[in-house]
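A.B. asks: Modelling step: build the complete structure from the supplied sequences, incorporating the hints.
The chain contents come next:
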Amino acid sequence: MKIGVLALQGAFIEHKNVLARLGIPSVEVRLPEHLTGLDGLIIPGGESTTIGLLAQKWGLLEPLRAFARSGRPIWGTCAGMILMAREVVDGLPNQPILELMDITVRRNAFGRQVDSFEADLPVPVLGDPPFHAVFIRAPLVERVGARVDVLASLEDGTAVAVRQGHMLATAFHPELTGDVRFHRYFLQLTG
Amino acid sequence: MEREWGTDTVKRGLAQMLKGGVIMDVTNAEQARIAEEAGACAVMALERVPADIRAQGGVARMADPEKILEIMEAVSIPVMAKCRIGHFVEAQILEALGVDFIDESEVLTPADEEHHIDKRKFKVPFVCGARNLGEALRRIGEGAAMIRTKGEAGTGNVVEAVRHARAVLGEIRRLTTMAEEEMMAYAKEIGAPYELVVETARLGRLPVVNFAAGGIATPADAALMMQLGMDGVFVGSGIFKSGDPVKRARAIVQAVTHYNDPKILAEISRGLGEPMVGINISLIPAEERLAVRGW
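Sequence order for the protein chains is A and V. When we follow the working numbering, the leftmost residue of the first sequence carries the number 1, and every step to the right adds one. When we follow the working numbering, the leftmost residue of the second sequence carries the number 192, and every step to the right adds one.
No lab work stands behind these hints: they were computed from the structure. There may be inaccurate statements among the hints.
Claimed, not checked - Here are a few chain A residues that face chain V, going by a calculated C-beta distance under 8 Å:
| hint | residue |
| --- | --- |
| 1 | E47 |
| 2 | N108 |
| 3 | L176 |
Unchecked claim - With a Cα cut of at most 25 Å, we get these calculated SDA-like pairs of lysine to any residue:
| hint | chain 1 | residue 1 | chain 2 | residue 2 |
| --- | --- | --- | --- | --- |
| 4 | V | K314 | A | E155 |
| 5 | V | K454 | V | A411 |
| 6 | V | K312 | A | H132 |
| 7 | A | K2 | A | R21 |
| 8 | V | K258 | V | R239 |
| 9 | V | K454 | A | G37 |
| 10 | A | K57 | A | T36 |
| 11 | V | K312 | A | G111 |
| 12 | V | K312 | A | T36 |
| 13 | V | K379 | V | V483 |
| 14 | A | K57 | V | V437 |
| 15 | V | K314 | A | H132 |
For glycine and all other residues, C-beta sits at the position ideal for the given N, C-alpha and C.
C.D. replies: In structure tokens form, the structure reads like this:
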């Protein structure tokens with residue numbers, strides 16, 4: 001099995017490090033040809049406008065959509081979640097996104113950096129204990145489509161982890177904590 | 192669900208999200224929007240870019256909050272702002288304004304010639320400049336969530352940034368080959384907290400993100416710093432003091448992503464117009480060098 005990590009900008013090395021700890025080889029994806037031979041793809045945290053512009057400039061938007069249509073799993077964390085959404089609130093006008101999941105995501109939903117936080121988040125599909133989640137200038141899911149499952153919510157009911165078939169999106173950063181359960185869950189989607 | 196704000200993880204985490212990106216100096220809303228549209232991962236809100244601070248002289252202070260707010264309103268990406276070394280009240284003001292990162296910067300005139308800010312007291316993360324490993328670890332010990340080379344700001348000359356990057360990375364390489372019993376003496380020698388010396392040896396890198404800054408003016412400069420092992424790049428005067436800021440900003444963003452691909456670097460370096468005029472460091476009088484500020 002080989003997993004790609006979109007390496008246009010952001011915290012892609014952190015995801016590669018977790019995959020290495022799990023014994024999974026990974027490659028950095030910067031150009032369309034880097035998608036060949038991959039069994040799954042992670043879109044990391046970073047700045048969604050930057051990643052979107054770079055993906056557009058290097059002709060990655062359509063190959064990434066084709067990758068999703070081929071049934072191979074994709075997981076977006078934070079900025080990656082924004083890129084996977086069908087609709088973005090508070091994005092840049094014409095911000096390039098992939099529109100892979102039937103969700104509406106609000107960018108910078110919690111405010112500025114001083115509002116960034118960490119908390120123990122119950123995630124039923126991962127069992128006990130709760131998952132320690134780090135939210136950094138994080139987005140949240142404002143609308144969840146009919147075919148989308150909510151995997152985790154904040155106490156006010158806001159969805160922060162969602163799955164639609166082989167696609168996964170989290171508003172927080174499992175790659176920043178020592179807990180590998182979310183990465184294991186994603187790897188299971190490769191079948 | 193207990194929420195915790197302003198933790199080391201959250202502060203260092205934002206710096207991790209900036210990696211592989213370009214942070215651009217901007218002095219007004221229009222420049223900020225140009226930077227965001229070019230793909231900057233953050234902007235540094237300033238009244239004057241370092242090249243102008245250098246040219247005009249006088250005491251350089253924190254920017255007018257009005258200016259910083261104008262830039263915060265103009266863009267959706269993180270906004271950083273500079274305070275003077277040791278000026279913790281300027282830092283308090285910047286935190287109150289809601290900036291996303293504070294640069295305790297040698298580019299401004301220092302307010303304290305012995306002490307830096309106790310950065311652990313703040314919820315907002317700080318970035319600080321460093322010329323060597325000891326300086327980097329002292330700043331991290333004070334709570335910095337991100338380190339950058341000092342370089343020599345406002346010169347368009349990358350030589351000092353290269354010197355500082357090589358110093359930090361070379362010292363880390365030396366540290367990783369050291370026996371544990373040698374580390375206390377080494378910590379004393381470089382004036383760094385022992386625990387951070389041991390942690391750096393174990394990680395084989397700084398415990399926080401490490402960017403290049405000071406004198407970067409071309410896509411090739413940016414890729415050079417990335418190939419040396421930096422996590423990302425600050426560009427100060429290099430963009431808006433050049434002939435075609437839009438084109439140059441875009442090209443430097445592309446260069447940081449594709450830093451290891453000379454064919455792509457050749458392509459994006461074509462026809463960028465005039466770069467900023469550079470200054471030879473040896474021609475700058477010792478008292479006008481910014482990198483020596485900081486203790």
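A.B. asks: Evaluate each hint against the coordinates.
C.D. replies: Outcome of the hint check:
no.	hint	in the structure
1	E47	4 Å, holds
2	N108	6 Å, holds
3	L176	5 Å, holds
4	V/K314 / A/E155	23 Å, holds
5	V/K454 / V/A411	12 Å, holds
6	V/K312 / A/H132	24 Å, holds
7	A/K2 / A/R21	14 Å, holds
8	V/K258 / V/R239	11 Å, holds
9	V/K454 / A/G37	24 Å, holds
10	A/K57 / A/T36	19 Å, holds
11	V/K312 / A/G111	21 Å, holds
12	V/K312 / A/T36	48 Å, violated
13	V/K379 / V/V483	21 Å, holds
14	A/K57 / V/V437	15 Å, holds
15	V/K314 / A/H132	20 Å, holds
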